[in-house]
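Student: Based on these hints, arrange chain B on the given structure of chain A.
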Amino acid sequence: GQQLNQSPQSMFIQEGEDVSMNCTSSSIFNTWLWYKQDPGEGPVLLIALYKAGELTSNGRLTAQFGITRKDSFLNISASIPSDVGIYFCAGYNSGGSNYKLTFGKGTLLTVNP
Amino acid sequence: NAGVTQTPKFQVLKTGQSMTLQCAQDMNHNSMYWYRQDPGMGLRLIYYSASEGTTDKGEVPNGYNVSRLNKREFSLRLESAAPSQTSVYFCASSEMTLNTEAFFGQGTRLTVV
Numbered sequence: 001g002q003q004l005n006q007s008p009q010s011m012f013i014q015e016g017e018d019v020s021m022n023c024t025s026s027s028i029f030n031t032w033l034w035y036k037q038d039p040g041e042g043p044v045l046l047i048a049l050y051k052a053g054e055l056t057s058n059g060r061l062t063a064q065f066g067i068t069r070k071d072s073f074l075n076i077s078a079s080i081p082s083d084v085g086i087y088f089c090a091g092y093n094s095g096g097s098n099y100k101l102t103f104g105k106g107t108l109l110t111v112n113p
Numbered sequence: 001n002a003g004v005t006q007t008p009k010f011q012v013l014k015t016g017q018s019m020t021l022q023c024a025q026d027m028n029h030n031s032m033y034w035y036r037q038d039p040g041m042g043l044r045l046i047y048y049s050a051s052e053g054t055t056d057k058g059e060v061p062n063g064y065n066v067s068r069l070n071k072r073e074f075s076l077r078l079e080s081a082a083p084s085q086t087s088v089y090f091c092a093s094s095e096m097t098l099n100t101e102a103f104f105g106q107g108t109r110l111t112v113v
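Those protein sequences? They're chains A and B, same order as listed.
Each residue of the first sequence is one higher than the last, beginning at 1 in this note's numbering.
Each residue of the second sequence is one higher than the last, beginning at 1 in this note's numbering.
The following block holds chain A by itself, in its conformation from the complex (with noise of 0.2 Å):
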């Protein structure tokens, strides 16, 4: 089956400092998406993206999908300590009847004020 590897497991790291993680695949996907999660919650989009090679932001989150379409990067500018959280990545391919999302293992983000 298809599997994503995100990276890092973890992260700790001071406020105000930027953040990058990254998310790579086996199979080439048509949608990623990035997801938030805080602690007893749902995952929560954080920013999806379509196009290879599209970057998009979303306040201080940027997320690019890989022009090779087995990646994709999501980063966060000054850091504060409400974006403590279990981050995800998530790939989607439309291929025949595949119509699963499959997610990362996620980054857990640690924010020292």
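Heads up, a few of these hints could be off.
Said to hold, decoys possible - Result set (DSBU-like, lysine-lysine): computed pairs, CA atoms no more than 30 Å apart in a straight line:
hint, chain 1, residue 1, chain 2, residue 2
1, B, Lys9, A, Lys105
2, B, Lys57, A, Lys70
3, A, Lys70, A, Lys105
4, B, Lys57, B, Lys71
5, B, Lys57, A, Lys105
6, A, Lys105, B, Lys14
7, B, Lys57, B, Lys9
8, B, Lys57, B, Lys14
9, A, Lys51, B, Lys57
10, B, Lys71, B, Lys9
11, A, Lys51, A, Lys70
12, A, Lys105, A, Lys51
No lab work stands behind these hints: they were computed from the structure.
Tutor: Only chain B this time, still in chain A's reference frame:
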């Protein structure tokens, strides 16, 4: 806006008991999903329903059954619960035909003793 609603939020079962997790969405989405989340494993797909009337196995379907009752509702059943099924279960939905962004419920925390 309710979005995706899961019930119950918490449940404790004895080994061998059965139960059904309920999920409903009010966004008129075509596709619905059940995931389980375990520490260090990310979100793993149990079953999904690409559209009303269809269901397909995901990555970890053993020990589970699903029913897409109608377009709004997608239930997950554990016929004979096992301790290995202790997890947090998330239901999600997406429009899928034009838009693959998936939206999640708040989760059901299940403990099997």
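Student: Decide, hint by hint, whether the structure agrees.
Tutor: Verification of the hints:
1. A hinted pair counts as satisfied when its Cα atoms are at most 30 Å apart, and Lys9/B with Lys105/A qualifies at roughly 23 Å.
2. Taken as a hint, the Lys57/B and Lys70/A pair is honoured in the structure, with Cα atoms around 24 Å apart against an allowance of 30 Å.
3. A threshold of 30 Å between alpha carbons decides the hint, and for Lys70/A with Lys105/A the separation of about 16 Å falls inside it, so the pair holds.
4. A hinted pair counts as satisfied when its Cα atoms are at most 30 Å apart, and Lys57/B with Lys71/B qualifies at roughly 18 Å.
5. Taken as a hint, the Lys57/B and Lys105/A pair is honoured in the structure, with Cα atoms around 20 Å apart against an allowance of 30 Å.
6. Annotation: proposed proximity of Lys105/A to Lys14/B holds, straight-line Cα distance about 29 Å (limit 30 Å).
7. For the suggested pair Lys57/B and Lys9/B, the alpha carbons sit about 24 Å apart, so the restraint of at most 30 Å is met.
8. With a C-alpha separation of about 25 Å, the suggested pairing of Lys57/B with Lys14/B holds against the 30 Å cut-off.
9. A C-alpha spacing of about 28 Å is found between Lys51/A and Lys57/B, which places the hinted pair at or below 30 Å, so the restraint holds.
10. Restraint check for Lys71/B and Lys9/B: the C-alpha separation of about 22 Å stays at or below 30 Å, so the hint holds.
11. Pair hint Lys51/A plus Lys70/A holds up; C-alpha atoms about 12 Å apart against a cutoff of 30 Å.
12. A distance of roughly 23 Å separates the Cα atoms of Lys105/A and Lys51/A; the hinted pair therefore holds under the 30 Å criterion.
Consistency with the previously given hints is maintained throughout, with no hint failing.
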